[in-house]
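2 protein chains.
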Amino acid sequence: MKLATLKTAHSDGELIIVSRDLRTAVSAKAIVPSLREAMERWTMIEPRLRLLSDSLNAGQASSSFVFEPGKVESPLPRTFQWCDGSAYLHHAELVRKARNAEMPEQLYHDPMLYQGASDSFIGPRDPILVADESWGIDLEAEVAVVTDDVPMGVSVEQARTHIKLVMLVNDVSLRNLMPSELAKGFGFLVSKPSTAFSPVAVTLDELGAAWDGGKLCLPLVSHVNRELLGRPDAGKDCYFDFPRLISHAATSRELRAGTIIGSGTVSNRDTSVGSACLQEKRMLEKLATGEMKTALLRFGDTVQVEMFDGSGSSIFGAIDQQVRKYVPGA
Amino acid sequence: MKLATLKTAHSDGELIIVSRDLRTAVSAKAIVPSLREAMERWTMIEPRLRLLSDSLNAGQASSSFVFEPGKVESPLPRTFQWCDGSAYLHHAELVRKARNAEMPEQLYHDPMLYQGASDSFIGPRDPILVADESWGIDLEAEVAVVTDDVPMGVSVEQARTHIKLVMLVNDVSLRNLMPSELAKGFGFLVSKPSTAFSPVAVTLDELGAAWDGGKLCLPLVSHVNRELLGRPDAGKDCYFDFPRLISHAATSRELRAGTIIGSGTVSNRDTSVGSACLQEKRMLEKLATGEMKTALLRFGDTVQVEMFDGSGSSIFGAIDQQVRKYVPGA
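Those protein sequences? They're chains A and Y, same order as listed.
Using the numbering used here, read the first sequence as starting at -7 and increasing by one per residue.
Using the numbering used here, read the second sequence as starting at -7 and increasing by one per residue.
The hints are simulated quantities; they were obtained by calculation from the structure and are not laboratory data.
Honestly, I wouldn't trust all of these hints.
One copy or two, it doesn't matter: identical chains are merged, so the pair holds either way.
Under the rule of at most 30 angstroms between Cα atoms (straight-line distance), these lysine-lysine pairs were calculated in the BS3-like manner [unchecked claim]: (1) 176 to 228; (2) 63 to 278; (3) 176 to 317; (4) 278 to 89.
Pulled out of the complex, with its shape left as it was, chain A reads as follows (with noise of 0.2 angstroms):
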């Protein structure tokens, strides 16, 4: 089952199902009217969004109408929490060596998260508005899950249960504003703007084998500008997978319906994949040549993000975003 949210006057948007192919849809605001409300009542929305998934797919929907991924809000428009992991720890040592931080051995064997904001998610196809270019925009391509209600002290075998849905995030990043920002202690605030998911979330049945229970294996392919960037697989050189963040974000306290868990930017030892964010990439040339040459995102500069079945169709729909100056007001 796909599901995708329409923009509509309510902050929640409107739930619909896309078919399989992502070429048509169907409203199904008569079963839940959005996909915040339907994660609160899984366990009894889900046999009814499947049947009308089922009628869709077999070209029986009445009402249906074309897929269009620009009319669309991220899956979740906004949610109760996001937890941002950062389970490929090449990634991690990558980033923090270019902005001369340490990479404590805690890291290998304790999983890191950060809460970060989910009051206002942006729509797979909307600008990334940001105020000034100077701040170091970076996109950083990621896979997603969403919950259902978790108890507090939830084993990794039982926290596999709870994940029902999973997408794609581009979690845009201000490099620059980074480092003054982790030096206080608290974590990241203003250098993490709003986050974009894919246009579609999707059921675990529909990812087969390449849901291996606790991650996603196949390649996450970006690009910047219409140019490949990297296509690490999302499979590989994962520390931490997402029964385990879970489990660990969920320590001290429940996680309500709805939670989001990141598994932070994709990233293989494998250079030669590339890269899911430019930072790794810059990092990678400083390495090899002593000098960062590509530069990180401008006004004008695209993102996309989309991941392939074995068979080459998208699975949840591409994030394609510019960015944008930002003007109050405007």
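We have chain A; now place chain Y onto it with these hints.
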């Protein structure tokens, strides 16, 4: 106007209006189901709530009932964003000293906030459930404000106009999990379990001259096991008032209605007034005698946080919680 949220089967609870003396209440559900939804349409909803509040305070509301703080959630049982500051730098100086962490000069001119979990707050009379006493359980008494929609890049002056409600906070902290968590560089996650707020949130007019336009100038009174821990004045030694904290949080993104901004633990340089958390008291003991004598919270201990107006009346009602052992599935 004083607002509270009755516990119901719904995660957002039911909005009620409480009388100025905290004795009676009336349901506001005919106007708007929840405070979360009221914040999203505040300009339209507020005048209607005020009419009902006026009638309640005049003793003329039909269907009014006795207000019982044991039956309420935090005013917002959940919301889309909770950012907590550290505006009282005397607190930051002491707790950092206690964990042998540096106090960078930057903190005296650049506001510090962390992104907190907002998916599941606990009620003002709910137990503080912790799995392990050795995690180092502490209270942190604070003041917080609730905003409407705040645009990206808002000025300090404009930020002031977005403050709609004020309440108190117990930002429960797990001291012994902090050093290793903060060493990872991503801020707090498991070291901050669920937060509790005061029984009622109030509009600015309820505070009279004690609200100076940016902060609340009254002592914040904390007790542990019914013994006074301290009564530092929230109007003193505050380096960054709420408009400044809001403007900082909105540097690179908008903040959506219902965003809660916390002050951080209130702390005065005049240590004779006592503290609003145990770790400060312990650090002051260590500085004075070389030894921390006061223990952190243990299972069975109670915590009370309250604030009184010039005539000795409780403004927000009391946060009054007991620490208890979390037993999974219980």
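These are the hints, each one checked on the structure:
1. Proximity of residue 176 to residue 228 under the C-alpha cut-off of 30 angstroms is restricted to the inter-copy arrangement: shortest distance 23 angstroms between copies versus 33 angstroms within a copy.
2. Proximity of residue 63 to residue 278 under the C-alpha cut-off of 30 angstroms is found in neither arrangement, the shortest distances being 40 angstroms within a copy and 60 angstroms between copies.
3. Proximity of residue 176 and residue 317 under a CA criterion of 30 angstroms is satisfied intra-copy only: 27 angstroms inside one chain copy versus 33 angstroms between copies.
4. Taking the shortest Cα distances, residue 278 and residue 89 sit within 30 angstroms of each other inside one copy (10 angstroms), while across copies they are farther apart (37 angstroms).
Figure legend: structure checked against the earlier numbered hints; the only hint not met is number 2.
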